[in-house]
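> Sequence:
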Amino acid sequence: MSADSTVSPRWPALRLPGTSGLARKHLPFVTTISLFVALATLGAWRYEGFLSTQVALNLLIDNAFLLVVAVGMTFVILTGGIDLSVGSVIALTTMLCATLVEHHGWSPGLAIPLVLALGGGFGAFMGLLIERFRLQPFIVTLAGMFLARGLCYVISVDSISITNETYSALAEWRLPVVAGASLSLGALVALGVFLLAIFVAHGTPFGRTVYAIGGNEQSARLMGLPVRSTLVGVYALSGLCSAIAGVLFTFYMLSGYGQHATGLELDAIAAVVIGGTLLSGGAGHVAGTLFGVLTLGTIQTLISFDGTLSSWWTRIVIGALLFAFCLMQRFITARAAT
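Numbering (numbering that gives the first Met the number 0), first residue to last: 0 to 337.
Do not take every clue at face value.
[As the list claims (entries may be wrong)] Ranges between beta-carbon positions, derived for each pair: (1) Ala142 <-> Trp312: 31 to 37 Å; (2) Arg173 <-> Gly108: 18 to 24 Å; (3) Thr307 <-> Gly108: 17 to 23 Å; (4) Gly149 <-> Trp105: 44 to 50 Å.
Read the hints as simulated data drawn from the structure, not as lab findings.
The beta-carbon is built from N, C-alpha and C at its ideal position, and this holds for glycine as well.
Let the sequences and hints guide you as you build the complete structure.
This is how it looks when you write it as structure tokens:
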């Protein structure tokens, strides 16, 4: 039996009535794309300029850090795990970058690689605890969340502004796309991470092992797949993505603060689930995570264009979508089991 045969075993090649031959495993992904298109169409119908090139690009610019952290979260959830520490790691990364650059005079070229290595190492440490001692990911990453957030306040209880000229230049740099529209460096980095993640998930042994673990970890072990190293690697990848997102957050905010990215781990999980990845692991698409992030961004943009609704309506709508997608996952897996 090959590793490919265990990929997505929760999604047998059955057909749902009325889906015109659409495989079950693609239904959440297609639903997410359809939802995104419907929201964009609604915005274009109701608000002039909603589909202008810069407004569309702003979806990626404003959510670049969320896309990066959600990509890392996708790999974790594909194994059947969870990582609650990502928001705190982002905050810690911003604090470390700001402190090293502003208070210790480090150049961004030295500070950024260091914080990326620390983020990956922090994730690998949590992955090692989870794999070696068979601890629940929820508890280990919850502890990591408290630890990283607490370390932020050990560094400083106040916000640290970043005034370094090189850092400011990187934050303000734009790539012209068409006349009057441009992309930020953070958005380009997020796109690069996303494309690399697609290759890793679907074109490498590591990615195939991730799917196999989520489908049936015991079967993956019996097949001789490197389950232990892959589990550690998945959390190291999530930590690295969180650190990259933290750097992008400093480009976006030009500051480090212990309250940055509070609750962002929940946004990342929401984007992954709305993107069609099964919470119990073994099935999902990295591309779906992109559309999950864009869907969340479109909801926020619609509420901003409306101008009469409180920003809390964003949370209400996202909560309703999560309920709907969780019910869809339950329905599909229940049908697959019969």
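> Which of the listed hints are not met by the structure?
As far as the earlier hints go, 3, 4 are violated by this structure, in ascending order.
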